[in-house]
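Asks: Listed below are the residues making up each chain.
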Amino acid sequence: MEFIRNYPLFTIVLSLFSGVLCYMLKPAAAKIYTLVFEGLLIGMVGCVLFYVIVTGQPFTYVMGEFPAPWGNEIRAGILEAMIALLFLIVEICSISAGHRFLVIDMDESKRNLYFTLVNLMTAALMALVWTNDLFTGYVFLEILTLTSCGVLIVREIGRTTLAAVRYMILNLLGSGLFLLGVVLLYDLTGHLLMVPMRQTIAELARDPQVLPVLGVAVGILTIGLSIKSGLFPFHFWMPDTYGWASPTSAALLSSLVSKAYIFLLFKTYYRAIGIDVIEQLPIRNVLLVLGIGGIVVGSLQAIHTNNLNHMVAYSSAAQIGYIYMGIGLGTMAGYTAAMFHIMAHAITKSQLFVTTPRLAEVSGGTLKFQDLQGAGLKSKVAGLYFTLGAFSMIGIPIFAGFSSKLLFALAAVGQGSHKKIILVMLALAVSSMLNALYFVMTLIRIFTPEGKLEKDDLRHHHINYHLPMVLLTAANLMLGLKSDLVVSLIERGLSMFG
Amino acid sequence: MKNRKKLFDKLYNVVAVICCLLLIGVLLYTVARLPHYGEENPRTVEVVERYVERGVEETGAVNIVAGMILDYRAFDTLGESHVLFTALICVLILLGKDEKNMRKEFDSYYTVEYENYHKLAGDSILRLVGYLLLPCLFLFGIYILLNGQLSPGGGFSGGAIMGAALIIFAAGFGFETVDKVFTEKLLKTVTFIALTFYSFAKGYVFFTGANGLENHVPKGIPGMILSGGLILPLDIAVGFVVACTMFGFYSLFRRGSIGHDHTFMDQQ
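From first to last, the protein sequence lines are chains V and R. Each residue of the first sequence is one higher than the last, beginning at 1 in my numbering. Each residue of the second sequence is one higher than the last, beginning at 499 in my numbering.
Do not rely on the hints blindly, as some may be mistaken.
As the list claims (entries may be wrong) - No more than 27 Å apart at the CA atoms, straight line, and that leaves these computed lysine-lysine pairs for DSSO-like:
id, chain 1, residue 1, chain 2, residue 2
1, V, LYS26, R, LYS686
2, R, LYS504, V, LYS26
3, V, LYS368, V, LYS380
No lab work stands behind these hints: they were computed from the structure. All values reported here derive from a predicted model rather than from experimental measurement.
Start from the sequences, fold in the hints, and give me the full structure.
Replies: Following this line, the structure appears as structure tokens:
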């Protein structure tokens with residue numbers, strides 16, 4: 001067995017160890033260690049991605065001496081490796097670019113704890129991406145929940161504590177429902193590993209007596225994960241959570257954590273329950289409708305709000321809606337578009353969330369629109385990066401956002417039902433218009449000169465900020481310009497995902 | 499405006515009750531259709547059968563539950579043991595004293611509270627019960643910890659009992675007494691060593707298992723105290739982490755720091 005096959009295990013175990021290690025380190029050392037370690041992980045996951053592309057086969061890795069269905073298992077294919085690589089790149093960029101604000105937000109004596117949480121979060125993200133076992137999914141989902149509440153409360157101001165409490169209550173509700181779903185599935189099938197579970201469910205689904213029970217189990221599990229990822233109508237926690245968090249935390253939560261939940265849900269559908277069984281249940285259509293609801297309502301609320309971060313957060317609700325819409329279409333093209341949009345949105349949103357605090361900083365520390373006038377001119381660098389992110393969100397060609405919207409449209413046309421084509425096309429048209437409306441409005445606002453311009457203090461923008469921003473922009477452009485390459489990789493990944 | 503809010507509140511309550519009733523109905527309907535308890539269902543017993551029939555032989559642990567969670571499905575438990583650590587870090591961030599959450603205007607308030615706590619610690623009933631109870635509690639905790647592979651118990655439950663004993667100790671004899679032994683540095687070191695050992699020991703077993711190598715962990719004779727392979731050392735590691743974390747929670751909730759707090763005492 002090639003040594004590369006061990007790398008997924010290493011990413012999880014070493015991240016857990018790094019979390020414990022950062023508890024012992026001084027804050028400065030913890031930061032450097034975390035960045036170097038993330039670099040190492042990117043190298044490892046890159047190797048895994050390259051390996052599975054070359055061999056063209058996914059591989060399973062038995063955790064211990066007991067094979068499935070008795071012991072735990074992880075599994076790596078092209079899609080998993082791509083998502084893991086994306087998560088790590090976005091994470092390292094957010095940490096590096098947001099660190100200046102973390103220094104302001106968090107007391108020196110506790111700052112190493114932040115990196116402890118970040119490393120534990122990495123472990124949980126990696127485990128959720130690689131796992132081939134539903135209960136392992138639940139355990140690391142718990143770690144992800146706790147760490148995401150932890151990175152929220154670091155600012156220690158009333159609003160973040162309140163937001164964290166609300167976020168935690170909803171997340172625990174979501175975890176509980178997910179666990180209930182897993183328990184029901186276990187009771188029906190007697191398996192927790194995904195592949196044996198799917199084989200049993202395929203037999204069970206023929207029995208009309210069992211199908212409704214299966215439907216309830218899958219439904220509860222879906223509600224749990226959609227609360228956690230913020231699907232409409234469960235998106236109301238987003239503005240407070242993302243809006244008041246420390247920039248790195250906001251970027252991590254919106255770009256990675258909610259995506260990890262969606263990825264786990266998708267994996268559960270695809271690998272543990274089976275697409276043909278999902279097709280017999282009404283869940284796909286519900287997801288489609290709720291996704292479209294999220295797109296429209298999220299965009300409308302983004303227009304109504306008076307706070308830049310809240311606007312970006314509501315736009316997240318709309319983007320989550322896109323992803324669920326893709327899953328709800330229930331075709332290969334739909335899933336491909338959804339996976340592509342996970343990547344496009346993760347890259348873009350993290351970029352937006354680490355630029356907005358700088359815009360607020362130059363306009364007197366407020367995120368209210370009327371005070372942001374000219375912020376993009378006062379800090380040209382932040383203005384430029386914000387503009388690039390906004391272009392991608394609107395869906396201007398050559399950026400990632402355009403490609404994913406195109407993919408959604410193609411996926412809608414590619415499937416049979418006329419109603420769905422009309423629904424999706426309308427949603428895409430309306431949301432593109434609304435997106436353009438609120439982002440262009442913001443751009444005009446921040447680039448309208450006001451008062452005397454001071455020279456942009458470049459001291460705030462050294463390489464630690466520029467490099468991640470350039471990297472994220474480059475990734476964004478790559479997804480936009482080379483989307484055919486990424487799409488073909490996702491398609492290959494999906495074909496070996498089951 | 500006020501009327502509309504009232505109406506909304508009423509409507510909200512009604513909808514919430516309806517949603518709950520619906521959920522209850524759906525769940526009851528589902529439970530009624532699940533396979534009956536104890537029913538022999540050939541489809542669902544494949545995994546359980548092996549755990550029960552070959553568990554002792556394959557893991558070396560008489561307590562099949564310990565064998566399951568620490569050997570067959572050890573990866574889940576590896577995550578589970580870090581959940582507690584994550585919670586400790588979150589509580590430290592939230593309640594640990596620092597420049598930001600210790601504003602000057604609260605100082606007097608904190609001082610009064612702090613002194614009151616220490617007066618409470620001199621309670622004679624608590625002290626007497628502590629003298630009698632503490633040795634038994636620690637022994638019982640250690641007993642449960644060490645017997646995880648033989649009988650119900652193990653790291654989590656044994657550690658929780660030892661943590662509770664530490665809490666009674668602090669409550670009865672005051673934090674100054676505990677601080678002589680139990681400092682933040684000790685908690686850090688113990689947690690670090692225990693969790694690192696856990697991660698690497700299990701990582702090693704996963705690695706050798708997946709690569710088809712011999713892992714050289716002796717299984718021991720089932721029924722003896724030294725049996726079950728790695729289960730005993732892992733239980734001890736988890737037990738220490740749980741005990742330290744529980745006392746850490748108590749200490750953080752009561753005075754905002756683990757162990758002796760220099761910055762605070764200097765102000766007195």
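Asks: Keeping to a limit of 27 Å between CA atoms, is the pair of LYS504 (chain R) and LYS26 (chain V) held or broken?
Replies: violated, 52 Å
Asks: Take a quick look at whether LYS26 (chain V) and LYS686 (chain R) sit within 27 Å of each other, Cα to Cα.
Replies: holds, 13 Å
Asks: Checking one constraint from the list: CA of LYS368 (chain V) to CA of LYS380 (chain V), max 27 Å. Satisfied?
Replies: Since the Cα atoms of LYS368 (chain V) and LYS380 (chain V) sit roughly 19 Å apart, the hinted pair holds (cutoff 27 Å).
The structure does not agree with numbered hint 2 stated previously, though it agrees with all others.
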